[in-house]
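Given chain Z's structure and the hints, the job is docking chain U onto it.
Number of protein chains: 2
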Amino acid sequence: MDTMGRHVISELWGCDFDKLNDMEFIEKTFVDAALKSGAEIREVAFHKFAPQGVSGVVIISESHLTIHSFPEHGYASIDVYTCGHLDPTIAADYIAEALGAQTRETIELPRGMGPIEIKQAKAL
Amino acid sequence: MDTMGRHVISELWGCDFDKLNDMEFIEKTFVDAALKSGAEIREVAFHKFAPQGVSGVVIISESHLTIHSFPEHGYASIDVYTCGHLDPTIAADYIAEALGAQTRETIELPRGMGPIEIKQAKAL
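Chain order of the listed sequences is Z and U.
Read in order, the letters of the first sequence are residues 1 to 124 in my numbering.
Read in order, the letters of the second sequence are residues 1 to 124 in my numbering.
Watch out, some of these pointers could steer you wrong.
Chain copies aren't distinguished; within one or between two, either way the pair holds.
No more than 35 Å apart at the CA atoms, straight line, and that leaves these computed lysine-lysine pairs for DSBU-like [what the hints assert, rightly or not]:
#, residue 1, residue 2
1, LYS19, LYS36
2, LYS36, LYS48
3, LYS28, LYS48
4, LYS19, LYS48
If you're looking for bench data, these hints aren't it; they were derived computationally from the structure.
Note that this is a predicted model, so its numbers are computed, not measured.
Excised from the complex, chain Z in its bound form:
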């Protein structure tokens, strides 16, 4: 399998408190995001923190999607890393919209290609 991958890192701010604190909603959102991007899901593991916050991962054949949510700050830290021909921005965009992010900063890193360089940075 080719080592080349694309790793999208998104900082989502101004998200909806209740969504960021709803583990079932987040898990479903991440599974849907993976499927929409054409990924094959292998493992799903999410954890709810007290008093608030959710962390979780969807491991796909093509790498992974992760989230750490901080409802009290309206903040979610998102990673979508895909190998092969998948486009990680499809899942990242879907997740940002689902969580109601008001502002979003995204960078994309190449993985498995040698030197790590930021490919693009954008603030939405």
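The following block gives chain U in isolation, referenced to the frame of chain Z:
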């Protein structure tokens, strides 16, 4: 909980084929790496691919550690992301040594602080 975190991204090359293909070894290495860095483990999920390769995650209270290994290329793609006062380089260094990486490129990104900027890049 504070949103600030440190995300270490390591590209490990020249790793040992057998170690990169040994899911039990990798899982134990990642659990040990998390514990050595002082993290609290919440979820552990690893997957073995056919004919080779391992993907997995350790979700910690302070964020996550992930790996995607490509034994046939001697390559492992590592992320160690910690919030709070943990030092992600402790786990990243431990993992690189355990997998027998001959060369290693690492960058560190701040998370949850606003703009994403590469804090440091080093090739070992």
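Structure-based check of each hint:
In the homo-oligomer, the alpha carbons of LYS19 and LYS36 lie at most 35 Å apart both inside one protomer (20 Å) and across protomers (33 Å), since each shortest distance falls under that limit. Taking the shortest Cα distances, LYS36 and LYS48 sit within 35 Å of each other both inside one copy (24 Å) and across copies (23 Å). In the homo-oligomer, the alpha carbons of LYS28 and LYS48 lie at most 35 Å apart both inside one protomer (14 Å) and across protomers (24 Å), since each shortest distance falls under that limit. Both within a single protomer and between protomers do LYS19 and LYS48 lie at most 35 Å apart by alpha-carbon distance, with minima of 12 Å and 32 Å respectively.
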